[in-house]
Amino acid sequence: MFKYLLGRIGAMLLTLFLVMTLSFWVIRLMPMSIFENPEVSPEIQAQLEAEMHLDKPMIVQYFYFIEGIVTRGDFGTSVKVRPGLDVFDILAIRIPPTVVLNVFSLLISLPLGIIVGVAAALQRNKATDNVLSFLIVICISVPSFVFASLLQYCLTYVWPIFPTLYDSQATTFGAQLYSMVLPIIALALNPIATIGRYLRGELIETLNSDYMLLARTKGLSRTQATIFHAFRNSLVPIANTIIPMITGIMGGSLVVEKMFAVPGMGGLLIDSILAGDHFLTVALLIFYSAISLVTILIVDISYGLIDPRIRVGGGK
Amino acid sequence: MALHDNDTILRVQDLSVSFRAYGGMVRAVRGVSFDLRRGETVAIVGESGSGKSVSTKAIMGILPANAVIEGGSVLYDGMDLTRLGEEEMNRIRGRRIGLVFQDPMSALNPIMKVGHQITEVLRKRMNKHDAKARALALMEAVGIPDAPRRFNQYPFQFSGGMRQRIVIAIALAGDPEILICDEPTTALDVTVQAKILDLINQIKEERHLSVIFITHDLGVVAHMADRVNVMYAGRIVETGTAEEIFFEPAHPYTWALLSSVPDLQTHERLMSIPGTPPNMIYPPRGDAFAARNQYALRIDFEQEPPYFSLSDTHRAATWLLHPKAPKVEMPEILRERIKRMKEEAAHA
Amino acid sequence: MKRRNTLVVLGMTALLLAVCLLPAAASAEKVLRYYLTGDCPILNGHDSVDVSLDTPISYCGAFPYRAVPDEDGLGYSYVGDLAAELPIQVDETTWQIKLRPEAKWQNGDPINADTFIYSYKMLLDPVLSNQMADFLSDFNITIVNAKEYSLQGTSNTVAWEDVGIKKIDDYTLEIKTTSPCSMTSVCSHFSQNNRAIAPVYEPLYEAGMNAERTNTTYGTTLDMWMSCGPYTFDTWTFDSIQIYKKNPDYWLADLFHYDTVEVRVIPEMNARVELWESGMLDYLSPDANTIETYIDDPRMVEYPSLTVYHIDVNCKNPENPLCGTVAWRKALYHAMNREVIAESLFGYLEPSGTYVNGQAGILSENALLYRDSEPGKAVAELVDSWGPYGYNPELAREYLAKAYEEAGVPEDTVITVRMAFDESDTAWKATAEYLMEELPVIFEGKVQLEIDTYAGMSTTDYKKTTDVWDLSPNDWSRSASRTYPYTCFYYYLSTYSSHPNNFFDEEFEAQYAVCDSDEVKSDYDRMLEETAKLERIYLDKVIQIPVVQHVNYDMFSTRLKLPVSTYIPGFGWGIMYGDIVE
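Going down the list, the sequences are from chains A, B and C.
Residue numbering for the first sequence follows the working numbering, beginning at 374 and increasing consecutively.
Residue numbering for the second sequence follows the working numbering, beginning at 4 and increasing consecutively.
Residue numbering for the third sequence follows the working numbering, beginning at 571 and increasing consecutively.
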């Protein structure tokens, strides 16, 4: 297991390096004058570009970039969005709101998705199932920012129950969370539906399995048998949907954060790409890839936790 | 409603079960009746699709959602099991009636430790520690060596035979008085089959169980059953003691079944039954077996035969037993085989 | 089991409600609730061209002079802020600024002549390459040798001693300009109109300096910045909120009435509108899509802007045979139905067939707008003589025929015009779609319009990648045109390296040089005349096509009492001097 983990982490680092290289090139190859502004004299623009080696050939710029990382662990400083700040210092400030937003979306979507899936499976082809399936289709096909603006309009303006914007000055975490309820809901709807849909399908299959019958002949009630036997077996394929779900939430949060003025990673990525702030963009892309890779790793490990056939049999 | 005979522990009366399907109702079980007496093993024998498994599922109350019990009753301990609610059935399943499944590969939850799957039943009545002790005892009782280590293993770490032992242990965990074995050896190797059958016989003796034994293989029944019900197309076509069925079979279907048993010495099958069972969405007129019956009479295609008693315990539903029917003897080859079996029985 | 679940849900809901109702304690504080559409990238006024810096620097910074509203609310005047009194003219081109002895930083450190010398030396530093250096060297006034000093790089040709900024004593600065200028220009140059001018705090500026002295992290965070103005910068949560608290020790504290200023960063228009509607903003600037809703709202006020939206014309498109001829550009000029575009597509803006903006000249000595002057009016009349705001399909067709002739192209050739724009710009997108339908009608099918987008690039970058484009929208404006109307043409000179098109005309450049001469600059009436000549050349050659004069629309909440009774050009609404009356 340890060896396996080590190998996986090594592969992860390699992937990150490739992502880093690729994103550096892609971003730098976009024709973009970072200091472009009619108010700034072209001479100063040229000076600034020279200072940042932007006037050198791309390959030289790349080596400057790699050299900074290897020799100093320096991923560069932002040039446009927060000029002069180390990119990871910027990330450190912006990560917490995004993490709170994404983690809470995930946290509420897991149990809610499971409830939806179990309810739909147990009530298969009855009214509850039909209503839930209809809602699931809507939640899967409509992007999160549409829900976000709908929620924002209904619950902050028509019925002012929640604040319109993220409250960064809240004195308690609870109050802050309260200001994030709407974006959290907007981001969670899609994952809830995704989990619900998969779980419903998987459960219907497992509910018909022999071990479910055996469980019932043991004297377990339908619900008990579903929870103790069918449910965990259905989690194995569900774990697979977690990866696209997390990246989905993160992608949705790019836009939704802007709508609720959450000072997180989403707005930052958009701003930095538009501004041509390439070091910051590369750092952000590395961060996002790292999150995805770690998620994949965690999900792979969790397969073992859920399914002993993989854990115990894996050594062979 | 009370059972007349004190010895009878379970009485199935005129049980009819149908399935809702796209084409209409599939009449899977049509008026099945049999008694299970205390300490006795009743075998139900038939091809797949004959309704034997459906009968047991009806007894256990675990019929799929599209099944309907159209009539009859399952009398047990003063109750009609077909009329019990879900909660009451939960108290009977496992604790009063245990079930051993056909395929131990799929009957066990693949991701749950076997120990837990056994104790799950027990935990309702006792604490964790006692439950574990009890489960270990059960595992030993069903012949699983090194039970404490095995307790924490998963089904995929067990061989087929061992898994079936676990399934039996689960069925026994609730300390039932009736054990239903639904083709318990079908999915197992021949060598393992005998051991499992021995095990079932052994625990039956030890625990004074009454057993309903379901199989398509008459050969297996020989070692197990006190009484045998032969089922065809949802109906019991012949019933009798094991000796009566094996030595004096009366129904052509039973003859066919007996003929298809591989010879224990030569391992050759004498004959197989031509054709397939009828589509029970549209049950045929007359005897359902008539189309495959080489001894079929004209009346077989017109009217379903009633039961003709051959003795107090032996009855068969075939027009051949009608006094006016032509005298038809069982095939010669089968008669010789029965003769040999009788000799063997006498030697033993 | 079920009942317990219900209880848990109820409990959670109650908890949530309690959490949100708790901190609602009201206070009698006067809070201005303002917003920015994007946060300030940095607080170092030297190095960011981002206009969002205006807000924190004008509230929390100080300047030698401060424009304050007059008592009657009809005008404004300059008072000394960090300066003790208005500038003293020593000779025609030399001015002295006497500093206020009690001026100090938020932490109590004194502000004196050394503070300014350090700030300005750093702003102009040849290797720091501060993007705002020009704003000190050449904005309302031009300081001797300042530009030369800042642009010398490492060549060491101009010494700091040669720059026209001198310390006379601890509380006196002397400024030398290249040409005579008015006191208003000097005050304006050294006031909140020019955020680069606010002094920087030396210890932090030095602390943030890198080893090569090419960069400083001054102002990257609140810890790396020092305020000295009417407000202190209390909280800065990036991309979320800026909170300023009144500085009671500030020398002009009586001028300011808010106890707290909350500046939220709200990138989405919808969110801004919702906050405004629920009374949680004191100010809202509606965009082209929301203006319709509010156009009749009594809270809506408007004022003209520096920007004239215009279309740059490519003269070197290899795929357009008419490209490069004057007649072709004239045909396009006359084919713009500016009234429709301004009203319907841009949303209640002013059509404009001329390029010098409606604010040009507002900061001149007698505040005479170029467009209101006789020479300026004459040009507008010329344009209107062609048709409303220059729109005349008849004339357009004539010029097209001429263009065919000039270029020697057969008359039945269909010309495809490629209009490129940023797809996120909805008003221009609508305009392009409108022209796509309109041009074939006007030119009887001879001209077709094709749409292209920058695909995420900036206009300049797009034009670097391809020559195959004909029209590209632009909204560049030059703030210096408030004082010198002709400067709005600056970007179309061959000397401007990032020019937005590739058409240069000697006559035009010569006339610009005339306008830019010290002789003309010092005589405003003359300047207006020369500017009109320049604008006529511009129209004659159709250097680009003016379309819409931007109009700013603003809304203020009823609880906000503005210090002015009308928009004051060059000063604005004076929001920071307002008061909250509940």
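Treat the hints loosely; a few may be bogus.
[Said to hold, decoys possible] In silico lysine to any residue, SDA-like type, Cα no more than 20 Å apart, as pairs:
#	chain 1	residue 1	chain 2	residue 2
1	B	Lys207	B	Arg40
2	A	Lys429	C	Asp1022
3	B	Lys116	A	Ala543
4	B	Lys131	A	Gln542
5	C	Lys1034	A	Leu647
6	C	Lys815	A	Gly383
7	B	Lys116	A	Phe601
8	A	Lys429	C	Thr784
9	B	Lys116	A	Arg682
10	B	Lys135	A	Phe601
11	B	Lys127	A	Ala543
12	C	Lys1034	A	Phe601
13	C	Lys1034	A	Thr596
14	C	Lys691	A	Val399
15	B	Lys127	A	Ala419
16	C	Lys886	C	Thr784
17	B	Lys127	A	Ser594
18	C	Lys1111	C	Val896
19	B	Lys116	A	Val399
20	B	Lys116	A	Thr394
21	C	Lys1034	A	Arg682
Note that these hints are calculated values from the structure, not bench results.
Unsatisfied constraints (hint numbers, rising):
Checked against the structure, the hints that fail are numbers 2, 3, 4, 6, 11, 12, 13, 14, 15, 16, 19, 20 and 21, while the rest are satisfied.
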